[in-house]
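One letter stands for each residue in the lines below.
Protein chains: 2
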Amino acid sequence: MERHVDQELKELKEDILKMGALAEEAIFKSVEALKNRDREMAKSVIDHDVAIDKLELDVDEKCIDLIARYQPMARDLRFITTGMKINAELERIADIAVDIAQRTLELVDKPILKPLIDIPKLTTIAQNMVKMSIDAFVKGDILLAKKVLLSDSEANQFRDVIQRELIEDYMVKDASTAPRAVQLLLIARFLERICDHATNIAEDVIYMVQAEVVRHHPEKLK
Amino acid sequence: MERHVDQELKELKEDILKMGALAEEAIFKSVEALKNRDREMAKSVIDHDVAIDKLELDVDEKCIDLIARYQPMARDLRFITTGMKINAELERIADIAVDIAQRTLELVDKPILKPLIDIPKLTTIAQNMVKMSIDAFVKGDILLAKKVLLSDSEANQFRDVIQRELIEDYMVKDASTAPRAVQLLLIARFLERICDHATNIAEDVIYMVQAEVVRHHPEKLK
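So the sequence lines, in the order shown, correspond to chains A and B. Residue numbers for the first sequence follow our numbering, so the first one is 1 and each next one is one higher. Residue numbers for the second sequence follow our numbering, so the first one is 1 and each next one is one higher.
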């Protein structure tokens, strides 16, 4: 038999999926704007952030309301509190897309420094990690969550390679590239921070699922 | 008459104060390590982070447990969920202190680039913002929370000045300074991110207090 609360928990999942889709879109557009030197697209990422902030508050409010009305125990409660955390992470991810869009606006009218080869790769990793981490939450899939954690070291490596290249092959060799190289270096770091947020989501999912397992199987504690 | 739950809410406040003290200590030590080129102190910040992570999980678990056992309504519930958010912010602040300590380890055996004048100033702002935001939570003091929000633009300005100076007066004028200047630029950005987390805390406090006001005064909705 389906409980009333189940319908609302399903809606919470849908809200998180929507927040996830908006965050992914913001990441995608911010890097497309960078690649295509598209000032309008960069601005649209910045402008759209208000709507994401608004949705975050709505989802947060819904979660508190759900807890107050249903007074859920163990599993449902943990699902809702995890949803609140993931909601906040997704809002932060969208904020970072705004940071990328702002750096992009600094770069669009300056000569291209390099073909950005590794930044799109890091972007793909970041997008996949965000997508997988949300899937892991919606499905309660601990294996998928662990896959996200494994991707994070790859993201760190990409960031470090990009950073080293920008410092040693550009800034040190030709000081005039420094202002542009710093912007790209920051963008690489922003992308890696998106991966960190996806990692936080994945860790929250593992914690949600395992705490539940532990609760139901006290022999697994220790 | 004091309710049982009041004692536990008081303990939650104490836990958040403790998390705050640990986060502030981590910020302080990470910048002291930078100022004094103190490798051991930088390492101690990195090593101590495990204990902060552990306390964060404990506090989070306590909050979920509080909700499950007392099924608190409106005001208490909102206090607990805000506590969970602040707890997470403080853990992130400590993580950023680790980032500062790691950048410091890259710098300790290289020649000093500049006397760091503005980085300690930005550090003081960051420390004050963290302290004020936690006080605002513990006291439910919305005016103090708003003061934190006002400080954030000052922090942004300091970060921008430091960044511009490092790029234009160092990297562009003497390319050999780039590797060290990038580390300092990142540290300035880390400190500003700490201010952002304090801002998040202050916003959560305002939201906690105002939502409550609105709930008790439906005429104020609209």
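For the record, the hints were derived by calculation from the structure and aren't laboratory data. The beta carbon of each residue, even a glycine, is placed where N, CA and C say it ideally should be. It is possible that part of the hints are untrue.
Stated by the list, open to error - One-sided excerpt, in silico: chain A residues whose CB lies under 7 Å from chain B: (1) I64; (2) A68; (3) M73; (4) L77; (5) T81; (6) L149; (7) L150; (8) S151; (9) M171; (10) V172; (11) A175; (12) A178; (13) P179.
As the list claims (entries may be wrong) - Listed next, with one range per pair, are the computed distances between beta-carbon atoms: (14) B:Q157 <-> A:E11: 28 to 34 Å; (15) A:K139 <-> B:D38: 44 to 50 Å; (16) B:D169 <-> A:K35: 29 to 35 Å; (17) B:D38 <-> A:Q7: 56 to 62 Å; (18) B:E61 <-> A:K139: 22 to 28 Å; (19) A:K173 <-> B:I117: 42 to 48 Å; (20) B:K13 <-> A:Q157: 17 to 23 Å; (21) B:E61 <-> A:A21: 42 to 48 Å; (22) A:K173 <-> B:D160: 42 to 48 Å; (23) B:M73 <-> A:L113: 53 to 59 Å; (24) B:D38 <-> A:E14: 39 to 45 Å.
A:M171 as chain B interface residue, shortest Cβ-Cβ below 7 Å: With a closest approach of 4 Å, the A:M171 hint holds.
Restraint outcome when A:T81 is required to lie within 7 Å of chain B by C-beta distance: holds (6 Å)
Cβ distance range 22 to 28 Å for B:E61 and A:K139, holds or violated: holds (24 Å)
Outcome of range test on Cβ distance (B:Q157, A:E11; 28 to 34 Å): violated (42 Å)
B:I117 and A:K173 - C-beta distance against the hinted 42 to 48 Å: Since A:K173 and B:I117 have Cβ atoms about 29 Å apart, the given range 42 to 48 Å is violated.
Chain B contact restraint on A:A175 - CB to CB distance below 7 Å: This hint holds: A:A175 lies near chain B, its Cβ roughly 4 Å from the closest one there, short of 7 Å.
Supplied contact hint for A:P179, tested at 7 Å Cβ to chain B: holds (6 Å)
C-beta pair A:K139, B:D38: status relative to the range 44 to 50 Å that was hinted: holds (47 Å)
Cut-off 7 Å, beta-carbon criterion: hint that A:S151 touches chain B: violated (19 Å)
Cut-off 7 Å, beta-carbon criterion: hint that A:L77 touches chain B: Hint on A:L77: holds, closest Cβ of chain B at ~6 Å, below 7 Å.
Range agreement (Cβ of B:D160 with Cβ of A:K173, hint 42 to 48 Å): violated (26 Å)
Distance restraint hint 17 to 23 Å, applied to the beta-carbon atoms of B:K13 and A:Q157: violated (42 Å)
Hint violations for this structure: numbers 6, 7, 8, 14, 19, 20, 21, 22, 24, all remaining hints satisfied.
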